[in-house]
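Engineer: Order-wise, the sequence lines are chains P and H. The opening position of the first sequence corresponds to residue 1 in this note's numbering, with each subsequent residue numbered one higher. The opening position of the second sequence corresponds to residue 1001 in this note's numbering, with each subsequent residue numbered one higher.
Where hints are given, some of them may not hold.
[Claimed, not checked] What the simulated footprint calls covered on chain H by chain P, stretch by stretch (three residues with Cβ under 8 angstroms from a Cβ of chain P suffice, anywhere in the stretch; the number is not a length): (1) 1002-1014; (2) 1078-1089; (3) 1189-1199.
[What the hints assert, rightly or not] Anything over 12 angstroms on all C-beta distances counts as not near chain P; from chain H, calculated: (4) H1049; (5) E1054; (6) E1119; (7) H1127; (8) E1135; (9) D1138; (10) D1168; (11) P1176; (12) L1178; (13) G1180.
These aren't lab readings, by the way, just hints derived from the structure by calculation. Glycine residues also receive a C-beta, built at the ideal position from the N, C-alpha and C atoms.
2 protein chains.
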Amino acid sequence: MAVRVDLNISLDGFATTADQTPENPMGEDWSRLVAAYIATRTFRERVLHDASGEGTTGVDDSYAKAYFAEVGAEIMGAGMFGLHSFPDDPDWRGWWGDEPPFRTPVFVLTHTAPRPPIEMAGGTTFHFLSATPEEALDRALEAADGKDVRIGGGATVARDFLKAGLVDQLHVAIAPILLGGGIRLWDDLRGLESGYSVTTEVAESGITHVTFRR
Amino acid sequence: MAVRVDLNISLDGFATTADQTPENPMGEDWSRLVAAYIATRTFRERVLHDASGEGTTGVDDSYAKAYFAEVGAEIMGAGMFGLHSFPDDPDWRGWWGDEPPFRTPVFVLTHTAPRPPIEMAGGTTFHFLSATPEEALDRALEAADGKDVRIGGGATVARDFLKAGLVDQLHVAIAPILLGGGIRLWDDLRGLESGYSVTTEVAESGITHVTFRR
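Isolated chain P, as found in the complex:
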C-alpha cells in the first residue's frame, strides 16, 4: 500500500503547460509532453479504448502499465478534473470521457461549493472534497482498501503531497523538450532525494524515467 505520484515533465521541469484554450483544453505543448506515453499500447487500450492492440510495447509501456496497476484510489486537483475551466457548470463531468481510465474512487480537491459524487461507467466515481493533503489521503487510503493511492496531479497538488512527506514513490517521465513556462514540479523541493533511492532508465523514445522510492 503505497502513495504514488506519476507525472510527465519537460527537461526544464514543467509538469503543466501554458497554452491551454477552451477549444484545445490540453494545448499543443501537452501533446509534445505526453507523446511517448500516448503512443503506448496501455494508454491506447486504457484511455482511448482502442482494442486494436496497436501502440508501443517497450520501456514507456512498462511504466504505463505500472501507472494503472494496483491503484485503489486516486486524488487529483480541481484543475485536472476541469473545474477551473468550467467553474459554473454544475453538470460538468470532467474531461475524462464517459468511461474514465481510473476505474477507482477519485477524490477531487476543490475549495468551491460542495458537489454530489458522480458515478461514471467503468468503475470511476468522482468525489469532491475540501481537505488538507493529510485528510484527503486518509479518505483515499480507506477507499483504496489496501491498494495504492495515486496522487494524479496536477503539479501543484503533487508538490503539496511531496512537500508534506506523504509520497512513497515518485515517477517522472522526462521528455527531452524545453517548454520555458508552466508550473514547475520541482519548486521548493530541495533535498527531496534524501528520503528516497533514485533510479533512472531511458526509454527507446528518448524519455527518461526517474523513480524515487522510499
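Starting from the known structure of chain P, arrange chain H on it as the hints suggest.
Structural biologist: For chain H alone, kept in the frame of chain P given last:
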C-alpha cells in the same frame, strides 16, 4: 570545429549553487552536484594531477574524456574564473591552480577594467575581454585553430550563447538531486531542442547524460 557546452546540473535544473562562501568557494552543494564527475579517472588525472590511475572508468569517464578532447580554446564568465569573488585583487590568478586543466587559451568575459593576459603552466593562458558572445566566439575560434571551442560556464554565460544560437553541442550531466536554488540553466530556452537531435544515456553512478547535437 564545434562550439560546445558541458555542464553539470541538478534534476531541478540548477547549474550553479547558492551556498558559496570565501572559505568554501565551491560550496557543499557543488560537491554533491559534481561528485560523479570528480570520481572519474580523467578528472583525477587532468584536474587533480593524480597519476595513480584511480578513478571510475565507466560512462561518466567517457564524457569526462570527451570534455577535454579536441578543445582548442575556452570561453568562461568572470564568476567561473573567480573575478566576482576577488574583484579588487589585481594578482588573482583564478582558482584553477598553478597548472589549470584547460591547456588552451581561455577567454574570460568581464566588464571590469582591462587586465593583461596571464600565462599559466601547462599551456593555459587567460585572456580578459569585454565582448558580446559573437565577438568572444570570433576570438576563440581564431585561437582554437580548427579545434572546438568550449563555453565553459557558468550557467548564465552558457545560456547567453545558447540563446544566441551559437552552440553546436550541449551536454548536460544531470545529478539526481534537488538543489532548490541557484541559477537555472534552462530559463528562457523554450524550444531549444528544435534545432538539435537529443540523446540520453544513464551512467552507472545514476547521472543522466543528455546531449543536444546539431
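Engineer: If a hint holds in the structure, say so; if it doesn't, say that too.
Structural biologist: Each hint tested on the structure:
Only when three residues or more bring their CB closer than 8 angstroms to a CB of chain P does the claim for the segment 1002-1014 of chain H stand; here the count is 3, and the claim holds. Check on the segment 1078-1089 of chain H: 0 of its residues sit with their Cβ under 8 angstroms from a Cβ of chain P, so the three-residue criterion for coverage is violated. Closer than 8 angstroms: that is the beta-carbon criterion, and the segment 1189-1199 of chain H has 7 residues meeting it against chain P, so the requirement of 3 holds. With 12 angstroms as the threshold on Cβ separation, the claim that H/H1049 sits away from chain P holds: the shortest Cβ distance comes to roughly 32 angstroms.
Every CB of chain P is more than 12 angstroms from the CB of H/E1054 (nearest about 26 angstroms), matching its label as outside the interface. No Cβ of chain P approaches the Cβ of H/E1119 within 12 angstroms, the least distance being about 39 angstroms, so the stated non-interface status holds. Every CB of chain P lies more than 12 angstroms from the CB of H/H1127, the least distance being 32 angstroms, so the non-interface label holds. No Cβ of chain P comes within 12 angstroms of the Cβ of H/E1135; the nearest lies about 26 angstroms off, and the non-interface call holds.
Chain P leaves H/D1138 outside its interface by the beta-carbon criterion, the shortest separation being 27 angstroms against a cut-off of 12 angstroms. The Cβ of H/D1168 lies farther than 12 angstroms from every Cβ of chain P, with a closest approach of about 17 angstroms, so its non-interface assignment holds. For H/P1176, the shortest C-beta to C-beta distance to chain P comes to about 4 angstroms, within the 12 angstroms cut-off, and the non-interface label is violated. At roughly 5 angstroms from the closest C-beta of chain P, the C-beta of H/L1178 falls inside 12 angstroms, breaking its exclusion from the interface.
In this structure H/G1180 is not separated from chain P by more than 12 angstroms, as the shortest Cβ-Cβ distance comes to only about 3 angstroms.
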